[in-house]
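Working from the sequences, and respecting the hints, build out all of it.
One-letter residues, chain by chain:
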Amino acid sequence: MKTVAYYKGCLASLSAKELDTSTQALAPKVGLDLIELESVTCCGAGDIHEAEPDYYLHLNARILAAAADTGVDTLMTVCNVCTLNLRQANWQLLNDGALRERVNRNLEAVGVPPYERDVDVRHLLWEVAEGDGWERLRLAAHKGLKGLRVAPFYGCQILRPSKVLGFEDPDRPTSLERIIEACGGEAVDYPAKIKCCGFPIIQAREDTALGELVQQIEQAVDAGADVMVTPCPLCHLSLDAWQSKLRALTGRDYRLPVLHLAQLIGVAAGLPESELQFRRHVVAVEPALEKVRFEV
Amino acid sequence: MGAKHAKWFVTSARTTGWLRETELVPRTQGVVESIRQVRFALELRKHGKVPPPFPPHVAKDVRQSELLHELVTLQGRVGYAGIVQGERALERHAIGVEDGARDPYGPGSFPRPFVAADPEAGEAPS
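Protein chains in written order, with my numbering: chain A, 11 to 306; chain B, 626 to 751.
Source of the hints: derived by calculation from the structure; they are not laboratory data.
Worth double-checking, as some hints may not be accurate.
Covered stretches of chain B (chain A as the covering partner; in silico rule of three or more C-beta atoms under 8 Å from a C-beta of chain A) [as the list claims (entries may be wrong)]: (1) 643-655; (2) 667-679; (3) 689-695.
Note that beta-carbon positions come from the ideal geometry of N, C-alpha and C, so glycine has one too.
Written out as structure tokens, the structure is:
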């Protein structure tokens with residue numbers, strides 16, 4: 011088992027609780043022992059990063075310090091935005107001694123242990139897409155997803171900027187496809203899988219965001235996908251919850267269920283509905299899963 | 626509207642630690658637009674996507690987050706100064722500055738941008 015510090019972020023704590031329950035249920039099956047971080051806050055998303063960059067740095071340093079304090083080497087996230095924010099802050103702190111010294115002084119002044127022992131920030135996607143995690147995933151997904159056509163949607167903040175994230179080719183990623191196929195499903199290809207879903211501007215510029223969002227949904231449906239999977243709860247929220255607005259905009263009822271990564275693997279691993287919590291999805295998932303020919 | 630959105634993230638992090646999602650819409654888009662979105666919000670509420678604003682979801686030791694905000698505000702690295710700090714770090718990333726690599730502020734480069742209270746700042750603009 012690999013022990014990791016687990017940072018769930020804002021959405022998995024509240025409006026996307028199904029992501030947290032499915033991750034926690036799935037983790038032992040893929041060889042992950044989670045230490046849930048408690049004295050942490052929002053990572054600030056892109057908003058605090060832009061509005062108050064120094065505060066963003068301190069919030070993330072506090073999260074990194076909390077992870078380091080558990081004694082583990084890896085801080086695991088389940089959100090693209092949290093991953094980018096934490097990795098970006100980590101890079102600044104690891105490569106600027108004077109900055110790290112100032113931030114640590116401030117952390118200590120407010121009663122937070124300083125960030126002294128380095129940790130690596132990794133998304134759940136990366137943990138199960140390679141190495142031991144991958145091998146355990148293949149064993150865990152024993153029920154399979156045979157007969158299910160799955161459209162992978164990466165979103166932007168797990169791929170770009172590649173120098174901060176650097177897990178795979180940002181223009182030709184393959185991790186989600188590998189996972190889908192390891193679970194016995196069929197990965198569907200379409201161009202918009204690496205585009206932004208528009209969620210960062212969905213309130214400030216909804217029409218523009220919907221113009222982004224419709225591309226992924228429409229292309230995936232036209233390519234024959236039964237479901238979509240995404241590693242980001244913010245992308246999930248827009249892809250799932252805003253489909254009704256796409257229907258009003260385009261006149262087309264897409265009804266494409268969108269799964270969190272942990273849920274997709276969880277279905278293949280035989281996790282119950284009490285853990286997967288599909289009832290929390292706006293677009294019903296169960297009709298699509300009826301196509302799956304589970305292994306006995 | 627984007628600025629209000631960002632400011633609410635700061636307020637949320639300072640006060641409860643976690644994003645105050647339900648209040649984000651009226652704070653960003655205003656009361657009138659929020660009323661227009663009620664039907665949509667109620668549909669999301671059925672699936673638990675709109676958490677009730679009360680009781681607030683408060684992070685453990687959130688006071689530390691508030692104190693950090695007070696400290697960084699006092700230290701004055703807000704706005705431009707904070708942005709430049711971050712952009713410098715990312716610039717090093719973009720051009721791959723490592724040991725022995727070209728210093729972006731070395732001989733032959735453009736002058737270092739002036740940032741007040743930065744010990745390594747270039748000359749103040751005249």
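Structure-inconsistent hints, enumerated in ascending order
Result: no hint breaks.
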